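Asks: Sequence:
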Amino acid sequence: MPRFTTPFFSADSFWNQRIRSDVTADTQSPQWIKLLAQSQTGGLEGLHLNLHNWTIPVFCADEATPRYQLNPKLHRCHLSQGHIKVMEHRLRQHPHPLGLHPSVSAGVPIPAEALPDPQQDAHMVVVDTAAQRAYDFWQCRREADGRWHTNAAIAYDLRGPGVFTGEIDGIHNDESVHAYGPCRASGVPLLAGLIMKDEIDAGHIAHKLAFACPVPGLQCFQHPATWTDGWLPGGLPEGCVLQLSPELDLGRFELTPAARTIARALQEYGAVLVDYAGGVTLYGEWLEPHPGLSWEGVLAESDLASIGFEHFRILQTGPLHEQGSHPVFHQGMSRLFYDYIERHGTDSLEALEPWRHNL
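Counting from 1, one number per residue, gives the positions in the sequence shown under our numbering.
Treat the hints with care, as some may be off.
Stated by the list, open to error - EDC-like cross-link-like pairs, simulated, lysine to aspartate or glutamate; straight-line CA separation at most 20 Å:
| no. | residue 1 | residue 2 |
| --- | --- | --- |
| 1 | 34 | 45 |
| 2 | 34 | 310 |
| 3 | 73 | 143 |
| 4 | 73 | 145 |
Keep in mind that the hints were calculated from the coordinates and are not lab data.
Small disclaimer: the values here were computed from a predicted structure and weren't measured.
Working from the sequences, and respecting the hints, build out all of it.
Replies: Here it is as structure tokens:
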């Protein structure tokens, strides 16, 4: 018996649309694909799969599930002077608690078995099957006294589009989207594009996937993303769609049944760039908290690695939005960004960091 009804979100959601046969590659696609290939880690030729770390656990809730008022945590990275300057508006003027979207103000259902991903992002999703709502969490934890603290939380209607229809209310350029509730750096739901175990068991995925990479573009994104944490000038815009060539014969590769299911989804639906990561990776739900559920013997993290990036393309991008988070919020990306500045000269630094005028 499947735990959830997938695909999530409405039938006309962006996430649930097949790629049309007349869609073309972006003119920048060769350059971006080269960036992906050069940035992949671990000697892999193709995509990685995050199944056991840096991914998303999903839990069920219903009318009987206890509800909790969430307690915000001050982002540790905001304690340095530069970060405070970037977030000054958010910290001093915004009317609701740091990181908690108004959609979670009435409390959220969290089952007793809920456990966030053990890595620093500490992501988690709770699906209220009765209310058809998904609750996203970022850097969350249960305290010894049973209370829940989180750096960001937001709720989505699973019958809705799975994207914001307008700008995130109140956000300013250079700020982190997490301060406004979204738990993906691109502002999309955590469930969007997540590979679910039930889908693999059924042998069919009927939605776009989510991927992350080390080279997202600095302050550049497109629909369905509503923000970005990118650091690289000229890198891939978050929200862009990566497609495996629909003409590629998958029989050329020794793929497991599960890997073939994912590869078909990459051909038919593609994958959306949603976040920064240390390698080029897709996301499968974290199963360790669920007794009796495991990827063992079904899917391994390297099962798609034999399909090289030369078989992929980035689809024609839509209107690009030139704003987003500053790399200073992420230790790894901050280092990459300032290394880039050192290599390419500091003339553009003032333009890239207008908030420094107020230091």
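Asks: Indicate, hint by hint, whether the structure satisfies it.
Replies: These are the hints, each one checked on the structure:
no.: 1; hint: 34 with 45; verdict: holds, 12 Å
no.: 2; hint: 34 with 310; verdict: holds, 8 Å
no.: 3; hint: 73 with 143; verdict: holds, 12 Å
no.: 4; hint: 73 with 145; verdict: holds, 16 Å
No hint from the list above goes unmet by this structure.
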